[in-house]
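Engineer: Let the sequences and hints guide you as you build the complete structure.
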Amino acid sequence: MAMDVVDYEIFGHEMQYVEVELDPGEAAIGEAGVMMYMQDGIQMDTIFGDGSAQQGGFFGKLMGAGKRLLTGESLFTTVYHNEGNGKRRVAFAAPYPGKIVPVDLTTVGGTLICQKDSFLAAAKGVSLGIAFQKKLGVGLFGGEGFIMQKLEGDGMAFIHAGGTLMEKTLAPGETLRVDTGCVVAFQPSVDFDIQYAGKIKTALFGGEGLFFATLTGPGKIWLQSLPLSRLADRIVMASRAAGGGGKEGGSLLSGFGLGAVLGDDE
Amino acid sequence: MSDAPLPARYYPPGGDAHGHPVRLAWDDGSLLILRDDGPGLRVPQHALTVEARGFNHEQWALSWPQDDSAHLLMVADRDIAPLKRVAPGLFQVGEQHRRAGRRRLGAGLALLVLLPLVLAGLLLLFLDPVVDRVVDHIPPEVEQQIGAVVLARTRAEGPLIEDGPAHAALQAIATRLARPGEKLDFYLAQRPTINAFAAPGGVVVVHSALLKEARSAEEVAGVLAHEIAHVELRHSMHQLARAAGLRLIVAALFGDYGTLGGWAAQLGELKFSRDAEREADLRALDRLAETGIDPQGLLAFFETLSRQEGADGLRPPALFSTHPATAERIEALRAVLARRPQSAAQAIGIDWQNVRTALAAP
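Same order as they appear, the protein sequences are chains P and G.
Residue 1 is where the first sequence starts when you use UniProt numbering, and the numbers rise one by one after that.
Residue 1 is where the second sequence starts when you use UniProt numbering, and the numbers rise one by one after that.
Keep in mind the hints are simulated off the structure, nothing from the lab.
It should be emphasised that the depicted structure is a prediction, and the values quoted were computed from it without experimental measurement.
Errors might be hidden in some of the hints.
Stated by the list, open to error - Partner residues aside, some chain P positions facing chain G, computed with beta carbon under 10 Å:
#1 148
#2 170
#3 187
#4 214
#5 217
#6 218
Cβ atoms here follow ideal geometry from the backbone N, Cα and C, with glycine treated the same way.
Structural biologist: See the structure below:
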C-alpha cells in the first residue's frame, strides 16, 4: 500500500503547529479538532474510523471507530484532500504546550507504539490501532494505562506531547528509568516495564511515586518533560478556586500556615 | 528454507544502538544473516539463544556471544513464522514465557474484576446486622422528627379529615388496639386510593377510601393492627437505613449511581419491603388476639382488596411489588390461624354503614 509522501514544516517553539504540504491528489488525516487553517483547494471530509484502507465494509469501520473510542479519541477522523492543481497547505495545531515530533514510520520499522491521545496528524494510509498493554503491573502503575496507540504504515506521522520532547536511541540491553507518565512513544523492540522505586522513604517523600517505568533497548524512545496531567495538577493547585495561594514551593507545610509564613516575602 | 528471507534488525557487539536492517535465512542447521551494507554471517543453531522481548513480548531476540559482548537480532513476531517452522526447538523457552505471561494477565484481570464483586457481596451479607445496629442507636426524637416531616408532606398533598363520624370511628378503633403508653397517632387523609401507611415516630395515616371500602370495623382494625406492627418493628427506619446502605454499596460498585445499579438497589429494597409486610401481617394477628378482635376482619379486608385488584386488572409482577401478592398473604394468614386456638372475640360495635355514608357525602 503506497502512502502519500508529505512535506511538512513545524512552526513555533512551545506551542507548535505543523504545516503539511499536499501535492495534487494527496491527502492527510488529522485528529478531529486540531486543524488550524487550510488553503483553497483542500477538501475536508470527515470519516468514521481512521481512514486506513485495510478496513473493509461496515463492520471494519465500526471496529476502527471502537478502537478510537478506547484510545480516548473522537470517533471520527478528518481527511484533508488536495483537489486543486498546485501544492496546497493545511496546518494542524498542538492542543497544549509541548512539542510536535515528526516520525517517518519507515525509519522505525513501520510500527510505533505511542501514548494514547498523542496522535496529531499523519499521511493518509497510516493506520491507527490500539496496543493493549499485556503486563498487568505496567498497565496499572506504568503511567500509560492499558491502552496505547499503535501507528502502522510507511508514511509520516506527527505526534504531540507536553513540555520538551527527548528522543533517544537505546542500545541493546540499555535501560532507562523514567518517571511514570513521561513515556510518549517507542519502537516495538523496546521492552516497557516497571520497577519498584526501592525504598519506602523515596516512594513516599521523593515525589516520584512507588514505581518507575523502565525502557530497555534496542530501539528508539521519545519522552516528554511535562505530562499534561502534571501541568493540569499544578494549574488546579495554583488556582484560587481550589484554595491555592498562587505561590510555588508549597508542601504539606503550607496547609498548616507555616509555609505561608515562610513563603511570604512581600 | 524455501521461504523468502525474513526481515530483521542486526545489532553488532559494541553497543551500536541503531542497528542494521538485515535479512535472515536458514541453511543446513545454521542461521544466515544477509547484510546489504557488509559481509554476511553464518551462525550455527547451537550457538543461538532466543527469547521473547520488546513491547508485550511481540519481538524475538536472537543472540550469540562474542568475547564478553553479544550479537543481537530483533525480529517481529509477525515475521518469525518461517524460522519457527525450520527450527522449532529454538523457540520453546520463549514460547513458554509468553504463555506464562498470558496466564498471569488473565489471572490478574480476573482478580481485578472479582475483588470488588466479592467485597460488595460481603457488604451485602453484613448489611442487615449493620442496619439493625444503626437503627437501634437512632434516638426516638429523630424518628419523631422524620414522622413530623412525613405528616407535613401528607397535609400538603391533600386535606386531612379531622372530625366527623369517620374520624371518630378511626380513633375509637385505634384506642382499642393501642397498648397503654404506646406513642401512636392516627390521621385520616381524604384520598381516593385504598391505602394506609406507617411513618417513623408512630405516625399512621389511613386513606379515607380504605374506610369507605371496608365492610366492618373489624376489617379496619385488622389493617390498623398491621400498621401498628410496622411501627412496633420500626420498619420504616430500617427501610431508610437499608436503602442508604444499599445505595452506598451500589455506588461503590458502579461508580456513579448508574441506571442499572439503581434498579438493582431498588429491587433489593422491594424485597426487604415484602418481607417486612409478611412480618407485620403475623404481628397484626397477635395484637388482634390480644385485644379480642376477630382476626377474620383482616382476612375479609384482604379479600376485598384482591377483588379490587381483579377489577382494576393492574398489578405489578410480584418481584417489582412493595407488597406480597394479596392471595399469598390470605393463604399465609389462614394457615397461621388454623394452627392457633380460637380466642373469644368481642365486636367493636361501630355502625359502619353510618361511617361509609358520612364518607360518601361530598
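Engineer: Against each hint, give a clear statement of whether it holds in the structure.
Structural biologist: Consistency of the hints with the structure:
1. The criterion of a C-beta within 10 Å of any C-beta in chain G is met by residue 148/P, whose closest approach is roughly 8 Å, and the hint holds.
2. Proximity of residue 170/P to chain G holds as hinted, the smallest CB-CB distance being about 6 Å (cut-off 10 Å).
3. Checking residue 187/P against chain G: minimum C-beta separation of about 8 Å stays under 10 Å; hint holds.
4. With a least beta-carbon distance of about 12 Å to chain G, the hint placing residue 214/P at the interface is violated under the 10 Å criterion.
5. Restraint check, residue 217/P versus chain G: the minimum CB separation of about 7 Å is within 10 Å; hint holds.
6. For residue 218/P, the interface hint holds, since its Cβ comes within 10 Å of a Cβ in chain G; the closest pair sits about 5 Å apart.
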